[in-house]
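Number of protein chains: 2
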Amino acid sequence: MPYTTKQRQAILTCLAQRRAELLSVSELASALRDIGSPVGLATIYRQLEKLEETGHIHKVNTEEGAFYQYCDHGESDRDCFLLKCEGCGRILHLDCSHLKPLYEHLEQEHHFVIDSRATMFSGLCDVCAAQRKEETHGSK
Amino acid sequence: MPYTTKQRQAILTCLAQRRAELLSVSELASALRDIGSPVGLATIYRQLEKLEETGHIHKVNTEEGAFYQYCDHGESDRDCFLLKCEGCGRILHLDCSHLKPLYEHLEQEHHFVIDSRATMFSGLCDVCAAQRKEETHGSK
DNA sequence: TTGCGTGCAAAGGTTTTGCATGGCA
DNA sequence: TGCCATGCAAAACCTTTGCACGCAA
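Protein sequences appear in the order of chains A and B. Each residue of the first sequence is one higher than the one before, starting from 124 at the first, in this note's numbering. Each residue of the second sequence is one higher than the one before, starting from 124 at the first, in this note's numbering.
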């Protein structure tokens with residue numbers, strides 16, 4: 124492990140505590156400010172790059188920009204399944220046993236190896252789907 | 124179909140002719156200049172957004188920024204499944220009967236409605252997977 | 001003490017926006 | 001004629017870089 128500075132520590136801790144979410148750099152910056160450990164933007168970018176290289180975190184590029192996620196070192200054979208709601212913009216995590224068989228099928232039959240940590244399913248969460256359905260019925 | 128302007132036409136033609144590649148906005152702009160149909164940057168961005176909405180092209184967000192690719196899949200109400208190769212960056216289309224049941228499961232059990240046109244599976248295509256495997260064996 | 005990490009501010013690049021103009025239906 | 005698309009330039013953003021200083025090993 125390289126240097127351990129309090130900034131690096133704070134960044135990693137912050138991401139670890141909110142491991143269920145994907146954080147943008149600005150969200151991370153304000154989260155750090157909120158817990159009383161403000162870190163300069165340049166430092167955040169530099170540390171995130173290093174943390175990604177060392178496998179501590181994962182970077183996800185989306186339509187809305189880059190997001191960072193704590194990486195559970197546990198050799199994550201667990202199905203990590205990301206759902207992005209197009210309605211409210213939130214990113215949900217899901218453990219679902221139906222995924223692995225599908226991925227195996229894709230690999231064996233279609234010769235494509237899925238990277239589940241980088242795969243983001245887009246759609247609507249229950250709240251937004253219900254809301255949209257209501258709107259459709261409601262007017263016009 | 125909305126207006127068909129020569130700029131829109133030029134952009135789509137340019138992407139179609141180079142459908143094997145992913146083009147960045149600046150690459151697209153200079154390609155348009157090269158064929159004698161220069162288009163303003165703002166217009167390119169605005170048309171790309173529309174072309175993406177109508178399903179004519181794909182937008183790919185990568186580490187190196189956004190890229191655009193012509194979509195061969197046409198209008199089709201058929202289920203269009205997208206695979207993005209992290210190795211070569213290309214987007215592959217796939218018709219696979221295993222996906223629909225999964226999506227139904229997600230909707231019924233996890234209350235998440237998948238938007239298959241917006242969902243991009245990330246991973247490695249057969250070529251890149253083989254290459255990577257080779258590299259791993261080869262050195263170190 | 002040494003060298004990497006930090007913060008600030010400036011630079012760089014990309015994408016969006018405002019507004020007057022132009023062209024298709 | 002009425003709209004929408006266009007082009008330009010400015011603005012807004014995000015990310016990187018240069019440099020002097022600070023702090024962990």
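Just so you know, the hints here were simulated from the structure itself, not pulled from any lab data. In this text, a Cβ means the ideal position worked out from N, Cα and C, and glycines have one as well. One thing to keep in mind: the hints can contain errors.
Unchecked claim - One side of the interface only, derived from the structure: several residues of chain A facing chain B at Cβ under 10 angstroms: (1) 136; (2) 139; (3) 140; (4) 245.
Stated by the list, open to error - When the alpha-carbon atoms are kept at most 27 angstroms apart in a straight line, the in silico DSSO-like pairs for lysine-lysine are as follows: (5) A/256 <-> B/173; (6) A/173 <-> A/129; (7) A/223 <-> B/256; (8) A/223 <-> B/129; (9) B/256 <-> B/173; (10) B/256 <-> A/173; (11) A/256 <-> B/256; (12) A/223 <-> A/256; (13) B/129 <-> B/173; (14) A/182 <-> A/129; (15) A/182 <-> B/129; (16) B/182 <-> A/182; (17) B/223 <-> B/256.
As the list claims (entries may be wrong) - Stretch-level coverage of chain B by chain A, calculated; a stretch enters the list once three of its residues show a Cβ under 8 angstroms from a Cβ in chain A: (18) 133 to 143; (19) 147 to 157; (20) 174 to 181; (21) 242 to 254.
Hint check:
no.: 1; hint: 136; verdict: violated, 25 angstroms
no.: 2; hint: 139; verdict: violated, 23 angstroms
no.: 3; hint: 140; verdict: violated, 25 angstroms
no.: 4; hint: 245; verdict: holds, 4 angstroms
no.: 5; hint: A/256 <-> B/173; verdict: holds, 25 angstroms
no.: 6; hint: A/173 <-> A/129; verdict: holds, 15 angstroms
no.: 7; hint: A/223 <-> B/256; verdict: holds, 21 angstroms
no.: 8; hint: A/223 <-> B/129; verdict: violated, 47 angstroms
no.: 9; hint: B/256 <-> B/173; verdict: violated, 39 angstroms
no.: 10; hint: B/256 <-> A/173; verdict: holds, 25 angstroms
no.: 11; hint: A/256 <-> B/256; verdict: violated, 47 angstroms
no.: 12; hint: A/223 <-> A/256; verdict: violated, 31 angstroms
no.: 13; hint: B/129 <-> B/173; verdict: holds, 15 angstroms
no.: 14; hint: A/182 <-> A/129; verdict: holds, 22 angstroms
no.: 15; hint: A/182 <-> B/129; verdict: violated, 39 angstroms
no.: 16; hint: B/182 <-> A/182; verdict: holds, 18 angstroms
no.: 17; hint: B/223 <-> B/256; verdict: violated, 31 angstroms
no.: 18; hint: 133 to 143; verdict: violated (count 0)
no.: 19; hint: 147 to 157; verdict: violated (count 0)
no.: 20; hint: 174 to 181; verdict: violated (count 0)
no.: 21; hint: 242 to 254; verdict: holds (count 9)
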